[in-house]
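Asker: Chain by chain, the residues run as shown.
Protein chains: 2
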Amino acid sequence: MNVGIVGLGLIGGSFAKGYRKNAPDCSIYADNRTRAVTDKAISEGVVTAPLDENTIALCDIIIISLYTDAAVRWLSDHADLIAGSTVVVDACGIKRRICREGNAIAKASRNGFRFIGGHPMAGTEKSGYDNSLDDLYEGASMILVPEDQSDSSLIDRAKELLAPLKFGMFVVTDPDHHDRMIAYTSQMMHVMANSIVKNDKCEFVPGFTGGSFQDMTRVAFLNPSMWTELFMNNKDYLLADIENEIEELGKYKAAIEAGDEETLTALLADGSHRREGLDIGR
Amino acid sequence: MNVGIVGLGLIGGSFAKGYRKNAPDCSIYADNRTRAVTDKAISEGVVTAPLDENTIALCDIIIISLYTDAAVRWLSDHADLIAGSTVVVDACGIKRRICREGNAIAKASRNGFRFIGGHPMAGTEKSGYDNSLDDLYEGASMILVPEDQSDSSLIDRAKELLAPLKFGMFVVTDPDHHDRMIAYTSQMMHVMANSIVKNDKCEFVPGFTGGSFQDMTRVAFLNPSMWTELFMNNKDYLLADIENEIEELGKYKAAIEAGDEETLTALLADGSHRREGLDIGR
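First to last, the sequence lines map onto chains A and B. Positions 1 to 282 (the numbering used here) are the ones given, in order, by the first sequence. Positions 283 to 564 (the numbering used here) are the ones given, in order, by the second sequence.
Bound conformation, chain A alone (with noise of 0.2 Å):
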């Protein structure tokens, strides 16, 4: 098999390092706006090759890595060198953009490659190829967003070509409904760590902590270009999670102030039982 990886990052370098453990006898071909980085992962071992206008053709699979505006940019500029047998997926965070432009570039393209959107669920608070890991996508959730939700053999070549990442999971759903559940399990949650060390009381916290501060402040480090341009271009369904947050929390407020035992305990014991319902292990 041959790969195509566009951007290594801690995304892409684990696309990269997860396909040269499972499957070593790929070609990987790497585009990274660094050269060094690429030079460094083919001195290592994981990548081939550059992906340049040799080595484009020959892959079956493209990963682009990038933030949207650069992926979208790659796409354009690289499309008709792209095979018409090529599957293309990105790996951005948000859908509705990225899935709408390269669908469209892909219909346009000389050869008529297909693309289809991805989102690997998995990531850590780090950043970079040196931080990527060959076994981020082990038993992790990889969405999968077609143009047309019912083009099974677009679908399952997308699953061939990614099985040797050893993903947990399968989730296909369309643009949308993608942006809108990412913007509550994923960017409300970068919010909210974000916005909990914003406290005097953070830096006296060394000795007073257990697991649940660690935990909850995890995401809190964070890259903030790439975050922003996610909360941006996903801005009303991401609004709509965080009314919702500060609706809620006023509630236990409200409870709380007015002594109210009975309304608390409710309010706790509902978010318990929510909580226990949930099949959610990594």
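Be aware that one or more of the hints could be misleading.
Stated by the list, open to error - In the DSBU-like style, the derived pairs of lysine-lysine whose C-alpha atoms are separated by at most 35 Å in a straight line are: (1) B/Lys535 to A/Lys253; (2) B/Lys480 to A/Lys159; (3) B/Lys408 to A/Lys126; (4) B/Lys441 to A/Lys198; (5) A/Lys251 to B/Lys480; (6) B/Lys408 to B/Lys483; (7) B/Lys441 to B/Lys303; (8) B/Lys441 to A/Lys201; (9) A/Lys159 to A/Lys198; (10) B/Lys389 to A/Lys126; (11) B/Lys535 to A/Lys235.
Hint data in this document are derived by calculation from the structure and do not stem from the laboratory.
Starting from the known structure of chain A, fit chain B onto it as the hints suggest.
Answerer: Just chain B now, kept in the frame of chain A:
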């Protein structure tokens, strides 16, 4: 060493198992509302015998792991049976009331035992003896709250008696500072985790979650009546933190609503920087 444990729940059970594991020769006496749990702990070889009018006087240390009301009642009911050389430590999550009452009961007791407030910064989202762990406290912080912070003989004696649990650090503070910090590091984390699942999308999250949603909702599953008591006993500080959090969330909301990328990036960078500077490995 002779150890007394009052309350064989997650916290008390983990104290008993930790002593049994690391100080195998010690005698452990336990008192639990439901006698069957004590019997089980005895049959497992964790507990030596019941903590009662015959064994209370033998204890070098007595650890009370009950809700505040019940802890005060137990201490008051048994104060005159406790030897003058005994150190009594509680494990309540809030310290102002228990320390005030514990210190007063100790002073008025027949033999003049010593009381010191305690709060082990460890736990899991589960409860009960069956979920208790023999290594729950290893590496964790143990907060000690003596009436007089310059009373080094009491503090040193407590540390010595608690040494078999292998805490990673001891923090000595006063009840007010403890309650102020815990409102933030523990109580507010539970309010937030519990509130996050109050979203219409919650039941649809499987397949759309990476690590952050799991981490941030782990402690949403909790004991509603225990946390209600803790929150109500720390109303002033907890309310201030919830209000602060609502205000901080509003800043992200305003920046996103206004499409103000610069402000949003600055908010995220500030949070990221604060988290990066925190040395709170578990």
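Asker: Could you run down the list of hints and mark each one as holding or not?
Answerer: Results of checking the hints against the structure:
1. B/Lys535 to A/Lys253: The given pair, whose Cα atoms are some 19 Å apart, holds under the 35 Å limit.
2. B/Lys480 to A/Lys159: The given pair, whose Cα atoms are some 33 Å apart, holds under the 35 Å limit.
3. B/Lys408 to A/Lys126: Holds: B/Lys408 and A/Lys126 sit about 30 Å apart, inside 35 Å.
4. B/Lys441 to A/Lys198: It holds: about 33 Å lies between the C-alpha atoms, which stays within 35 Å.
5. A/Lys251 to B/Lys480: Roughly 11 Å separates the two Cα atoms, so the pair holds.
6. B/Lys408 to B/Lys483: holds, 25 Å
7. B/Lys441 to B/Lys303: holds, 18 Å
8. B/Lys441 to A/Lys201: holds, 26 Å
9. A/Lys159 to A/Lys198: violated, 42 Å
10. B/Lys389 to A/Lys126: Roughly 53 Å separates the two Cα atoms, so the pair is violated.
11. B/Lys535 to A/Lys235: holds, 9 Å
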